[in-house]
Amino acid sequence: MLAEGSQIDEGDLPFESEPDVQAGVRIPGSTMVEIERHVILATLEATSGSTVKAAEILDISVRTIQYRLHDYGLR
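Numbering (this note's numbering) for the sequence shown: 1 to 75.
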């Protein structure tokens with residue numbers, strides 16, 4: 001529906017064709033550990049640091065977030 005011709009080109013897509021890069025995380029191209037760290041920290045930022053809310057959003061336990069923060073050398 002976005003293409004003017006019979007073929008869809010990059011310009012017809014509503015997003016960048018380059019891999020998503022945020023805070024040093026390249027998808028694809030990052031390890032699961034790097035991606036997990038990014039997701040946890042971004043979710044904590046979005047929830048103003050609430051581990052309870054972040055755990056609910058991520059469907060993991062608060063304790064898992066606490067363990068990961070310890071592993072990352074935070075809090």
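Please keep in mind that the hints were generated in silico from the structure rather than gathered at the bench. Heads up, a few of these hints could be off.
[Claimed, not checked] Quick list of the computed label-pair ranges, beta carbon to beta carbon:
| no. | residue 1 | residue 2 | range |
| --- | --- | --- | --- |
| 1 | T31 | V52 | 48 to 54 Å |
| 2 | M32 | R63 | 15 to 21 Å |
| 3 | G29 | D9 | 23 to 29 Å |
| 4 | A42 | R63 | 16 to 22 Å |
| 5 | G5 | E34 | 36 to 42 Å |
| 6 | Q66 | G11 | 17 to 23 Å |
| 7 | I35 | R63 | 16 to 22 Å |
| 8 | S61 | S6 | 48 to 54 Å |
| 9 | T64 | E10 | 34 to 40 Å |
| 10 | Q7 | L74 | 45 to 51 Å |
| 11 | V62 | V33 | 15 to 21 Å |
| 12 | D59 | T31 | 16 to 22 Å |
| 13 | G11 | R75 | 23 to 29 Å |
Think of the CB as a built atom: it goes at the ideal place given N, C-alpha and C, for glycine as much as any other residue.
The hints, checked one at a time:
| no. | hint | result |
| --- | --- | --- |
| 1 | T31 <-> V52: 48 to 54 Å | violated (27 Å) |
| 2 | M32 <-> R63: 15 to 21 Å | holds (20 Å) |
| 3 | G29 <-> D9: 23 to 29 Å | holds (24 Å) |
| 4 | A42 <-> R63: 16 to 22 Å | holds (20 Å) |
| 5 | G5 <-> E34: 36 to 42 Å | holds (39 Å) |
| 6 | Q66 <-> G11: 17 to 23 Å | violated (45 Å) |
| 7 | I35 <-> R63: 16 to 22 Å | holds (20 Å) |
| 8 | S61 <-> S6: 48 to 54 Å | holds (51 Å) |
| 9 | T64 <-> E10: 34 to 40 Å | holds (39 Å) |
| 10 | Q7 <-> L74: 45 to 51 Å | holds (48 Å) |
| 11 | V62 <-> V33: 15 to 21 Å | holds (20 Å) |
| 12 | D59 <-> T31: 16 to 22 Å | holds (21 Å) |
| 13 | G11 <-> R75: 23 to 29 Å | violated (44 Å) |
When each numbered hint is compared with the structure, violations occur for hints 1, 6 and 13.
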